[in-house]
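A.B. asks: Build the full structure now, drawing on both the sequences and the hints.
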Amino acid sequence: MTRTGTRLLVAGVGNIFLADDAFGPEVIRALDQRPLPSGVRVRDFGIRGMDLAYELLDGYDTAVLVDAAARGHRPGTLSLIEPDLPDRTTGAAPPEAHGMDPAKVLALAAHLGDEPLPRVLVLACEPEVRPRGDEDIAPGISAPVRDAVERAVTALHTMVPVLLADPAATLSRPDESADPPPAGLPLPVGDGTEDR
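Here our numbering is used: the first residue of the sequence shown is 18, the next is one more, and so on.
Some hints could be false.
[To be verified] Computed beta-carbon distance windows for the label pairs: (1) 67 x 167: 28 to 34 Å; (2) 56 x 132: 17 to 23 Å; (3) 131 x 160: 42 to 48 Å; (4) 167 x 76: 19 to 25 Å; (5) 88 x 167: 17 to 23 Å; (6) 183 x 88: 24 to 30 Å; (7) 102 x 179: 31 to 37 Å; (8) 171 x 130: 18 to 24 Å; (9) 133 x 179: 19 to 25 Å.
Keep in mind that the hints were calculated from the coordinates and are not lab data.
Predicted, not measured: the structure shown is a model, and the values here were computed from it.
Backbone N, C-alpha and C fix where the C-beta goes; we use that ideal spot for every residue, glycine too.
C.D. replies: Encoded structure:
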């Protein structure tokens, strides 16, 4: 049963012109075909870090950021991460104009807001293709990351009802040493910036 008034944000982040960095926007686009329950705010923020920082201040209980993140796993591996949130005293460097650094966005949101940030989870995918520093455009995502898009949609459909019922619910993390499974099944979790 959904708790009255629970507010949940699912935010795709990443640059659609930089190879596997487009994972977050691709997942949000795939959710058009398999929508999440009504009342869940689903939005592609792309590289608009300032927009995301302000959105995080809009009274959500939980925010799930969907992003590509290099963590040293096999390409296409999904990870569920719960980062430590910054407090208001943390220096807030503005997000880059053409990039999305979730840590900077969270620091900025913490600095701008009077209330605590919502619980933040990151559903991350290990990229295979990352653009080199001199590339402005590297269109298209790799096959392992494209395959992970549908698994991420399934993971969100598993996680979101749990989070709507209890925003503080304990969620599993995918087993990163095996074939990439969907995330979100109820299992014990760790703490800190590691996977939860």
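A.B. asks: Now tell me if each hint is right for this structure.
C.D. replies: Right, here's what the structure says about each hint:
no. : hint                  : verdict
1   : 67 x 167: 28 to 34 Å  : holds, 30 Å
2   : 56 x 132: 17 to 23 Å  : holds, 20 Å
3   : 131 x 160: 42 to 48 Å : holds, 45 Å
4   : 167 x 76: 19 to 25 Å  : violated, 31 Å
5   : 88 x 167: 17 to 23 Å  : holds, 20 Å
6   : 183 x 88: 24 to 30 Å  : holds, 27 Å
7   : 102 x 179: 31 to 37 Å : violated, 20 Å
8   : 171 x 130: 18 to 24 Å : violated, 32 Å
9   : 133 x 179: 19 to 25 Å : holds, 21 Å
This entry does not satisfy hints 4, 7, 8, going by the numbered hints stated previously.
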